[in-house]
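Residue numbers (the numbering used here): 447 to 569.
Be aware that one or more of the hints could be misleading.
So the derived label-pair ranges between C-beta atoms look like this [claimed, not checked]:
{"hint": "1", "residue 1": "N546", "residue 2": "T450", "range": "41 to 51 Å"}
{"hint": "2", "residue 1": "L538", "residue 2": "L498", "range": "26 to 36 Å"}
{"hint": "3", "residue 1": "H484", "residue 2": "S449", "range": "38 to 48 Å"}
{"hint": "4", "residue 1": "G522", "residue 2": "D458", "range": "34 to 44 Å"}
{"hint": "5", "residue 1": "L559", "residue 2": "L451", "range": "47 to 57 Å"}
{"hint": "6", "residue 1": "Q548", "residue 2": "S524", "range": "30 to 40 Å"}
{"hint": "7", "residue 1": "K468", "residue 2": "G535", "range": "16 to 26 Å"}
{"hint": "8", "residue 1": "V502", "residue 2": "S550", "range": "26 to 36 Å"}
The list that follows gives simulated cross-link-like pairs (lysine to aspartate or glutamate, DMTMM-like), each with its CA atoms no further than 25 Å apart [claimed, not checked]:
{"hint": "9", "residue 1": "K468", "residue 2": "E454"}
{"hint": "10", "residue 1": "K463", "residue 2": "E491"}
{"hint": "11", "residue 1": "K520", "residue 2": "D531"}
In case anyone wonders, no lab produced these hints; they're calculated from the structure.
All values reported here derive from a predicted model rather than from experimental measurement.
Beta carbons are placed, not taken as given, at the ideal position from N, Cα and C, and that holds for glycine.
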Amino acid sequence: MSSTLAEERVADLQTFKAAFFKALAHPVRIRILEELVHGERSVQELQSALGLEQSVVSQQLSVLRANNVVVGRKTGVSVRYTVRDQLVGDLLVVARQIFNNQLSGTQHLLRQLRKEHRQQSRR
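My request is simple: use the sequences and hints to build the entire structure.
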């Protein structure tokens, strides 16, 4: 395999990965996924759980479907959605842990700044 072909395959893989994360990169889509990791939901159930308009939920589900993050199953006149891969739930848990670590670091810095400010105020 030529070097250029190998580089193109790596670039294709990176593009695929970026598209997946881009599909997750919206607050409503994250909230939808946090609901769907617990089981199938209809648009109406998601709308009610999230307190959002039907059009907003449908639009964001469309993005998730187009990127193969969720799948829909037609039941009668409604569609029930679920995450395509249950590992998405694990990804959300790990992301939450990362965010907690980042925020903990930020809180530590804030405490240090406050301490420094108090020390300078006493001088």
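Hint-by-hint comparison with the structure:
Look at N546 against T450: about 42 Å separates their beta carbons, and that is inside 41 to 51 Å. Distance hint check: the CB atoms of L538 and L498 are about 19 Å apart, inconsistent with the given range 26 to 36 Å. The supplied range of 38 to 48 Å is met by H484 and S449, whose beta-carbon atoms lie about 46 Å from each other. Checked against the given bound of 34 to 44 Å, the beta carbons of G522 and D458, roughly 40 Å apart, stay inside it.
One distance hint, 47 to 57 Å for the beta-carbon pair L559 and L451, holds here, with the actual separation near 52 Å. For Q548 and S524, the Cβ-Cβ distance of about 39 Å falls inside the hinted range of 30 to 40 Å, so the restraint holds. Between K468 and G535 the beta carbons are some 19 Å apart, a value that agrees with the proposed interval 16 to 26 Å. Separated by about 32 Å at the C-beta atoms, V502 and S550 satisfy the suggested range of 26 to 36 Å.
The straight-line distance between the Cα atoms of K468 and E454 is roughly 20 Å, inside the 25 Å bound, and the hint therefore holds. Taken as a hint, the K463 and E491 pair is broken in the structure, with Cα atoms around 30 Å apart against an allowance of 25 Å. Only pairs whose Cα atoms come within 25 Å are accepted, and K520 paired with D531 is accepted, the gap being roughly 18 Å.
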